[in-house]
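Enquirer: Sequence:
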Amino acid sequence: MVEVRQAADLAPALQRPKGVVFIPDVSKLSREAQGTILRCLQTQEERPKVVVAILGSAEAALERGVLRDDLHYRLHQAQVNLAQPGLRETLRERWARLAELRAVKEAKAREEAERERQAAMTRLPGTVTRLTPQQRKVQGSKPSSRKASRR
1 MVEVRQAADL APALQRPKGV VFIPDVSKLS REAQGTILRC LQTQEERPKV VVAILGSAEA
61 ALERGVLRDD LHYRLHQAQV NLAQPGLRET LRERWARLAE LRAVKEAKAR EEAERERQAA
121 MTRLPGTVTR LTPQQRKVQG SKPSSRKASR R
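Be aware that the sequence shown starts at 1, since it is given in UniProt numbering, and climbs by one per residue.
In case anyone wonders, no lab produced these hints; they're calculated from the structure. Virtual Cβ for every residue (Gly too), placed ideally from N, Cα, C. Some hints here could point you the wrong way.
Simulated DEER-style distance windows between Cβ atoms [as the list claims (entries may be wrong)]:
id: 1; residue 1: Leu87; residue 2: Glu46; range: 22 to 28 Å
id: 2; residue 1: Val51; residue 2: Pro85; range: 15 to 21 Å
id: 3; residue 1: Ala103; residue 2: Gln15; range: 53 to 59 Å
id: 4; residue 1: Pro17; residue 2: Arg74; range: 15 to 21 Å
id: 5; residue 1: Glu112; residue 2: Val51; range: 52 to 58 Å
id: 6; residue 1: Glu106; residue 2: Gln42; range: 51 to 57 Å
id: 7; residue 1: Lys49; residue 2: Asp69; range: 19 to 25 Å
id: 8; residue 1: Glu32; residue 2: Arg102; range: 55 to 61 Å
id: 9; residue 1: Lys28; residue 2: Ala103; range: 48 to 54 Å
id: 10; residue 1: Gln42; residue 2: Met1; range: 20 to 26 Å
id: 11; residue 1: Ser30; residue 2: Val2; range: 15 to 21 Å
Listed below are the simulated SDA-like cross-link pairs for lysine to any residue, each with C-alpha atoms no more than 20 Å apart in a straight line [claimed, not checked]:
id: 12; residue 1: Lys49; residue 2: Arg39
id: 13; residue 1: Lys108; residue 2: Leu98
id: 14; residue 1: Lys28; residue 2: Ala61
Start from the sequences, fold in the hints, and give me the full structure.
Expert: Set out below in structure tokens:
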């Protein structure tokens, strides 16, 4: 990562294809240096990651004439608003909300199942309930009184 505060440091930093160039305030750079940034973004196939910040609003810098219109347009395409929550926080909130909704849905289903179980357990008037089947007594076999015949 290379931090660029002066225009003289900009050209060598943009020549590194796999680096990160951080420019803390692009409005403090000259219009020629801003043109170098723009050419790097538009023409270089292998370019470093460029992180550009600006103090104050970009519209105010445009009105003062310290920020190029074409650079503003190019940078505005990949603008990141740090005041908004990030993707990680948004996903955590969404997952928490979905988990809460699922827990409520499961609790309702459990309550309904418990009500159905209670309704099935109640005795209604006029019904006969056999709790355990009665065992039939098996008649023991009597020894036959026939005598085996001799021959």
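Enquirer: Compare the structure with each hint and give your call.
Expert: Hints, verified against the model:
no., hint, in the structure
1, Leu87 - Glu46: 22 to 28 Å, "27 Å, holds"
2, Val51 - Pro85: 15 to 21 Å, "20 Å, holds"
3, Ala103 - Gln15: 53 to 59 Å, "55 Å, holds"
4, Pro17 - Arg74: 15 to 21 Å, "19 Å, holds"
5, Glu112 - Val51: 52 to 58 Å, "55 Å, holds"
6, Glu106 - Gln42: 51 to 57 Å, "54 Å, holds"
7, Lys49 - Asp69: 19 to 25 Å, "23 Å, holds"
8, Glu32 - Arg102: 55 to 61 Å, "58 Å, holds"
9, Lys28 - Ala103: 48 to 54 Å, "53 Å, holds"
10, Gln42 - Met1: 20 to 26 Å, "23 Å, holds"
11, Ser30 - Val2: 15 to 21 Å, "18 Å, holds"
12, Lys49 - Arg39, "14 Å, holds"
13, Lys108 - Leu98, "15 Å, holds"
14, Lys28 - Ala61, "10 Å, holds"
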